Structure formats: structure tokens, C-alpha cells
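With the hints as extra help, turn the sequences into a complete structure.
Below are the chains, spelled out letter by letter.
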Amino acid sequence: DIVLTQSPATLSVTPGDSVSLSCRASQSISNNLHWYQQKSHESPRLLIKYASQSISGIPSRFSGSGSGTDFTLSINSVETEDFGMYFCQQSNSWPRTFGGGTKLEIK
Amino acid sequence: EVQLVESGGGLVKPGGSLKLSCAASGFAFSSYDMSWVRQTPEKRLEWVAYISSGGGSTYYPDTVKGRFTISRDNAKNTLYLQMSSLKSEDTAMYYCARHRTGNYFDYWGQGTTLTVSS
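Those protein sequences? They're chains G and C, same order as listed.
This note's numbering puts the first residue of the first sequence at 1, with every later residue one more than the last.
This note's numbering puts the first residue of the second sequence at 1, with every later residue one more than the last.
A few of these clues could be false.
Claimed, not checked - Below, a list of computed lysine-lysine pairs in the BS3-like style, where the Cα atoms sit at most 30 Å apart:
#1 C:Lys65 x G:Lys107
#2 G:Lys39 x C:Lys87
#3 C:Lys43 x G:Lys103
#4 G:Lys39 x C:Lys19
#5 C:Lys76 x G:Lys103
#6 G:Lys39 x C:Lys43
Bear in mind the hints are in silico, worked out from the structure with no lab data behind them.
Because the structure is a prediction, the values reported are computed rather than measured.
Here it is, written out as C-alpha cells:
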């Protein structure tokens, strides 16, 4: 199975900061990597598909990059509504797997 | 508006069985692949079952293979997950999700909770 390792586990930031969240795959997955946001007591929401493709309705401050084994989710100027958990997920092979998540919290 | 509404969760004893349902609306259900994804109490996400749009293909991870069965009724716009030989480690929130071409999950339900405990 492909293991996805997210770092850091927790990121404490101030609104207005720009941040980068990392997701590393245990083997090359091309660009078959997707990002989700989950706020407290809500279901996950798709943010980015195929490493860098934007999703309709998602603010433009969210962007993704990377290919192969190293991927990054960037948030340009964090807003208070952005705090919560972020997960990456791979679709290069079965079983589909998720990273352990990064918690974005208010400093 | 796409809506996915899960039901059927509850408290089950180890070794027991349960069937979850997911009612879909707001899109052409029969045209989309679907999956079940669970979230453990530690907040870890785990995909547990996939079914193609017509129901002809299904996939499972080894952790549930042989114990869980995914199915769908396209006439009723409903997805199911039959779970048997339940273990304490199956305790989780179970989400129904639209699984675009088996790759990314673009819509999720609100979830239904399963607790396996004696």
C-alpha cells in the first residue's frame, strides 16, 4: 500500500500568514494526489485534485503543487475560516489511501 | 444540489452485523462511482469500499475484504454497505462519498456512526 506522510502534524499560524503543508508518498504517484479540508464537526471537502487542479467554489488562496513523491498545499494569507484539518489522498493505486492529516490552528 | 444522506449506524457487539444506507439526490446517481470512507476516533481517514457506476466492479482494502460488501440500487438512488464479523477497530464515522472515476472524492455525506463494543 502507498503510505502518505503529512507534515507538520500541527501548524500554528496567525490569520494573514501564508503557509505550506507537505504530503510525501512512499513511492511515486505521478500527480494522482488530492487535498481535502475538514472543519470541526463537518465532512471533508475537496480542495485540490490531481496535485494542482483547482476546484470550483474553492477560494483562490488555496493552491497545490508537486509530482512524484513530494506535494505541497499552499494557503496564501490564511483566514479564520481556514482553520481545521487537511488531508491528502492518493489515487495512483488501490487501495486508495489518505495521509494522517495536518491540523491548522490559530496561534 | 448534490446530497448524500447516510443512515443505519449504531452500537453493535463484536462479531455482529449491520447495514448502512446512503440516499443520493441532486445528481444522476447511476452515472457515478461511489465509495464508503470511514474516519476513526483518532480522526484518521480510511477508504473501505468502492463500487462502479453500474455496480459491476467493487474494490476493498484488505482490512475489510471478506467482511464488508458494497452494493447499490440505481433505481432507488441508494448505496449500501453490509458489514459483518465486526471488530472494535471498525468503530468509526462512516461517510458515503461520490468517487469521481475512482480517483478523488468530490462530495461527502454527513456520516453515520458505528460503534463496535460489548
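For each hint, the structure was consulted:
1. The hinted pair formed by lysine 65 of chain C and lysine 107 of chain G fails the criterion: a straight-line CA distance of about 43 Å is larger than 30 Å.
2. Our distance criterion of 30 Å between C-alpha atoms is met by lysine 39 of chain G and lysine 87 of chain C, whose separation comes to about 28 Å.
3. Taking the CA atoms of lysine 43 of chain C and lysine 103 of chain G, the gap is about 11 Å. The hint holds against a cut of 30 Å.
4. Restraint check for lysine 39 of chain G and lysine 19 of chain C: the C-alpha separation of about 27 Å stays at or below 30 Å, so the hint holds.
5. For the proposed pair lysine 76 of chain C and lysine 103 of chain G, the alpha carbon gap of about 38 Å is over 30 Å, so the pair is violated.
6. In summary, the hint linking lysine 39 of chain G to lysine 43 of chain C is supported, as the alpha carbons are separated by about 12 Å, within the 30 Å threshold.
Violation of the numbered hints given earlier is confined to hints 1, 5; the remaining hints are satisfied by the structure.
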